[in-house]
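Here is how the chains run, residue by residue.
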Amino acid sequence: MADINAYEGPAEAGFGDYVALLKPRVMSLVVFTAFVGLWIAPQPVNPFVAFCAVLFIALGGGASGALNMWYDADIDAVMKRTAGRPVPSGRVAPQEALAVGIALSGLSVMMLGLAANWFAAGFLAFTIFFYAVVYTIWLKRSTPQNIVIGGAAGAFPPMIGWACATGGISLESLLMFALIFFWTPPHFWALALFMKEDYSKAGVPMLTVTHGRKVTRRHIFAYTLVLAPFAIWLGFTSVGGPLYLAVSVVLNALFIAGGWCILRRSEDEARADGYKVEKRYFRLSLYYTFLHFLVLLIQHWVGGW
Amino acid sequence: MVMLPQVEHELHKRRRSRNIGLLVVLLAFVALVFGLSVVKITQGDMMQGYDHRPRASMLPEDPNPPARNPAPVAAPGVPAAGQGAPQEAGQ
Chain A
4 MADINAYEGP
14 AEAGFGDYVA
24 LLKPRVMSLV
34 VFTAFVGLWI
44 APQPVNPFVA
54 FCAVLFIALG
64 GGASGALNMW
74 YDADIDAVMK
84 RTAGRPVPSG
94 RVAPQEALAV
104 GIALSGLSVM
114 MLGLAANWFA
124 AGFLAFTIFF
134 YAVVYTIWLK
144 RSTPQNIVIG
154 GAAGAFPPMI
164 GWACATGGIS
174 LESLLMFALI
184 FFWTPPHFWA
194 LALFMKEDYS
204 KAGVPMLTVT
214 HGRKVTRRHI
224 FAYTLVLAPF
234 AIWLGFTSVG
244 GPLYLAVSVV
254 LNALFIAGGW
264 CILRRSEDEA
274 RADGYKVEKR
284 YFRLSLYYTF
294 LHFLVLLIQH
304 WVGGW
Chain B
3 MVMLPQVEHE
13 LHKRRRSRNI
23 GLLVVLLAFV
33 ALVFGLSVVK
43 ITQGDMMQGY
53 DHRPRASMLP
63 EDPNPPARNP
73 APVAAPGVPA
83 AGQGAPQEAG
93 Q
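If you read the sequences in order, they're chains A and B. FYI, in the working numbering the residues of the first sequence are 4 to 308. FYI, in the working numbering the residues of the second sequence are 3 to 93.
One chain only, chain B, in its complex shape:
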């Protein structure tokens, strides 16, 4: 078998510079997108998305909320039923 001399041509040097340059650029781009994602998520405003179920926490706050019942009555059958309005309930 004939051994060919391993000569590195100038062309190979240029090609290597291009390959390494591209590698550095791509890695930097990955790091940039990752960093951007971290920043955007940690300082995100409204991060809850729509997930097909109504969620009270996603609704805008009602400026005039309905008044709470000051003397709630327990449902029939539960232990508190028949005792009338519990004293500590309410506000």
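So here's chain A without its partners, still in its complex pose:
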């Protein structure tokens, strides 16, 4: 009897594998920040239009994730954390991931243009290009500052959300960009300190590998110092208010204190307690962005200055 299992062709992908191509966990951050950017903008947006706009921004983000998985399949296959992704595990063919990425990019940009406006759509197209081409294809494998560049792509969604409502860019949306942009490097480098991925085997120049862990600690602290003024400045704009300012000052004080602790630690101390401080700092960094954007939403609700 013929056994279908005897032929080891490409494995058949389930629907979940295509969803996994869109990096749903990254998408959740995109959805949240884009929504906040859209909702706190001065021009009111119809709730259904707002829902569609956020959905298409998320879809654009997912499309760039698929393009990233297509191009980075060779790296993903080497590293433990990413080896189970649909492309390196063989469930989705690389060409298919590319097709999904391009098709969804076009669809999301077109639909965002129809739902909101063409400035926001152009901005989304630029973001996809930036993440897929500038970051993934060009800079990720050539500079240890790759995280900083990738952070820019992740920082665009609140600006796109804001552009959906206002049709443009303003100081508030630039500061929201700065908040995520300067937050991303310390967030990822803290992760790199305790995850110890085999980046060198994969050929990705990670700061911890190229410049050492001591330099990485110094970078983390420096970025928290640069981040704080931008986060607090946002509190003095039209979207800010006393509540935002209070929360932001506390969070930034904690973040700087955490960065200082990381800076002062030697690698031996960190190894001795199983990277406790680094892990705590990483968790704090997750709360940092989430609470900043949440309190922006609440401040908008109760009224600002």
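Among the clues, some could well be false.
[Unchecked claim] Examples of chain B residues toward chain A, derived with CB under 8 Å:
no., residue
1, S19
2, G23
3, G37
4, Q45
[What the hints assert, rightly or not] Quick list of simulated restraints, FRET-style, between CB atoms:
no., chain 1, residue 1, chain 2, residue 2, range
5, B, I22, A, F51, 19 to 29 Å
6, B, H14, A, G215, 44 to 54 Å
7, B, G46, A, D201, 22 to 32 Å
8, A, P45, B, A33, 50 to 60 Å
9, B, G23, A, E272, 26 to 36 Å
10, B, Q45, A, H214, 50 to 60 Å
11, B, N21, A, C264, 47 to 57 Å
12, A, R28, B, M60, 47 to 57 Å
Calculated directly from the structure, the hints in this document are not laboratory data. We put the CB at the ideal spot given by N, CA and C, even for glycine.
With the hints as your guide, set chain B onto chain A.
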């Protein structure tokens, strides 16, 4: 005729999950476009398009409209002609 055993392979299960998933996505997309259309039409700004005939309602409002004739004269041949300016006409 030989009856083949109806065995559902795991592969068929995956294929079905893909088909159903795609169906749901397409239906959701249709609903989304429909909803967007309804919202855009009901809150539309200027919904009159150009239809090859001049239409006064589409022209921008004149800031200095010409003064109305306070005593219009009826055209010759109509019942009001010859009665002079009608008293109730005008403003």
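Name the hints, by number, that the structure is in violation of. The structure breaks hints 7, 8, 9; every other hint is satisfied.
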